[in-house]
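Residue numbers (our numbering), protein chains in the order written: chain Y, 5 to 128; chain S, 5 to 155.
Please note that a few of the clues may not be correct.
Stated by the list, open to error - Cβ-Cβ distance ranges computed for the label pairs, FRET-style:
| no. | chain 1 | residue 1 | chain 2 | residue 2 | range |
| --- | --- | --- | --- | --- | --- |
| 1 | S | 110 | Y | 58 | 18 to 24 Å |
| 2 | Y | 108 | S | 55 | 22 to 28 Å |
| 3 | S | 106 | Y | 27 | 19 to 25 Å |
| 4 | Y | 27 | S | 82 | 36 to 42 Å |
| 5 | S | 110 | Y | 88 | 23 to 29 Å |
| 6 | Y | 98 | S | 135 | 18 to 24 Å |
| 7 | S | 33 | Y | 108 | 27 to 33 Å |
Derived by calculation from the structure, the hints in this document are not laboratory data. Ideal Cβ placement from N, Cα and C applies to all residues, glycine included.
Each chain, letter by letter, is given below.
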Amino acid sequence: MSSVIHHKDAPTDWYEEFCQRLEIMRQNAPKYADQDEVVPPDWAFIKVRNEIQNIRKLAGFPQLPVPDVWLGPEGDIGLTWDSGDKSLDLIFGWGKFTARLSDSSKQQLIEQTDVPRILAQMAA
Amino acid sequence: MPATEIELADDEELIRIYTRRPDEPWSFKKLRSSDFARIMSSHSGISLWRLRYITREEAMARLGTAKLTGTAICKTGTLKALGLRFFGKSAEDAHVSTRCPGCDLNTNYEQKELCAKLDGSRCGFELHAENSICATLLKNGIFTIDLPVRT
Numbered sequence: 005m006s007s008v009i010h011h012k013d014a015p016t017d018w019y020e021e022f023c024q025r026l027e028i029m030r031q032n033a034p035k036y037a038d039q040d041e042v043v044p045p046d047w048a049f050i051k052v053r054n055e056i057q058n059i060r061k062l063a064g065f066p067q068l069p070v071p072d073v074w075l076g077p078e079g080d081i082g083l084t085w086d087s088g089d090k091s092l093d094l095i096f097g098w099g100k101f102t103a104r105l106s107d108s109s110k111q112q113l114i115e116q117t118d119v120p121r122i123l124a125q126m127a128a
Numbered sequence: 005m006p007a008t009e010i011e012l013a014d015d016e017e018l019i020r021i022y023t024r025r026p027d028e029p030w031s032f033k034k035l036r037s038s039d040f041a042r043i044m045s046s047h048s049g050i051s052l053w054r055l056r057y058i059t060r061e062e063a064m065a066r067l068g069t070a071k072l073t074g075t076a077i078c079k080t081g082t083l084k085a086l087g088l089r090f091f092g093k094s095a096e097d098a099h100v101s102t103r104c105p106g107c108d109l110n111t112n113y114e115q116k117e118l119c120a121k122l123d124g125s126r127c128g129f130e131l132h133a134e135n136s137i138c139a140t141l142l143k144n145g146i147f148t149i150d151l152p153v154r155t
């Protein structure tokens, strides 16, 4: 007697998609680097992936859209969540971390320890 | 010829060329703060192009990049209102080096001296600046996508 296994149509978690995007960038970044552009080393990609994994856990695994993932010209690795006219940027640089909440009229820098709380609020 | 500060008309259209790797299609039609970030280690200001003197295609060709390119557009008056200033080799230069408020306005490129803020704070075109112009230029439609990146 056979039976059919039914799988739930669960949406891909933003963290999984983020990891996929990050890995593609890690592999291809050197190929497309412009003159004077700094390419982050492999360890920086791993560090960012682990940091985001930890932030996600501390935030209580919030359901969020997949963030934009990008590389800055100075070797920064960035994530951006947009919600209307609000944006949250997390920017991982060489020994520098910046979290910035911005809207149409102001910018606010956020302490790294407050990032999980902000992410949880964005999901609420 | 050394660069000097030049006056641009408020209604003049300026473009910023933004680049994307082919592997990041999720952002082909979206601007990011990093699109307006200065390469701090080797550049003074950020480059903008004047549509009065150059076409989009010519500007993109001059950039010389392996990435895909698109353009974002704005009116000069909007940038002047933010305190930005423009440097070119002549009043009709198609390329302008754009500086943030409080810049020492250095143009000594030959000596590899780069511009910096007079008060020692982070350059406004730095992603980690407390008040980053890179983030400001995305908001309120200051810069909008003009010619999106295409494959």
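Right, here's what the structure says about each hint:
no.: 1; hint: S:110 / Y:58: 18 to 24 Å; in the structure: violated (41 Å)
no.: 2; hint: Y:108 / S:55: 22 to 28 Å; in the structure: holds (26 Å)
no.: 3; hint: S:106 / Y:27: 19 to 25 Å; in the structure: violated (40 Å)
no.: 4; hint: Y:27 / S:82: 36 to 42 Å; in the structure: holds (38 Å)
no.: 5; hint: S:110 / Y:88: 23 to 29 Å; in the structure: violated (39 Å)
no.: 6; hint: Y:98 / S:135: 18 to 24 Å; in the structure: holds (21 Å)
no.: 7; hint: S:33 / Y:108: 27 to 33 Å; in the structure: violated (20 Å)
Hints 1, 3, 5 and 7, counting from the list given before, are not met by this structure.
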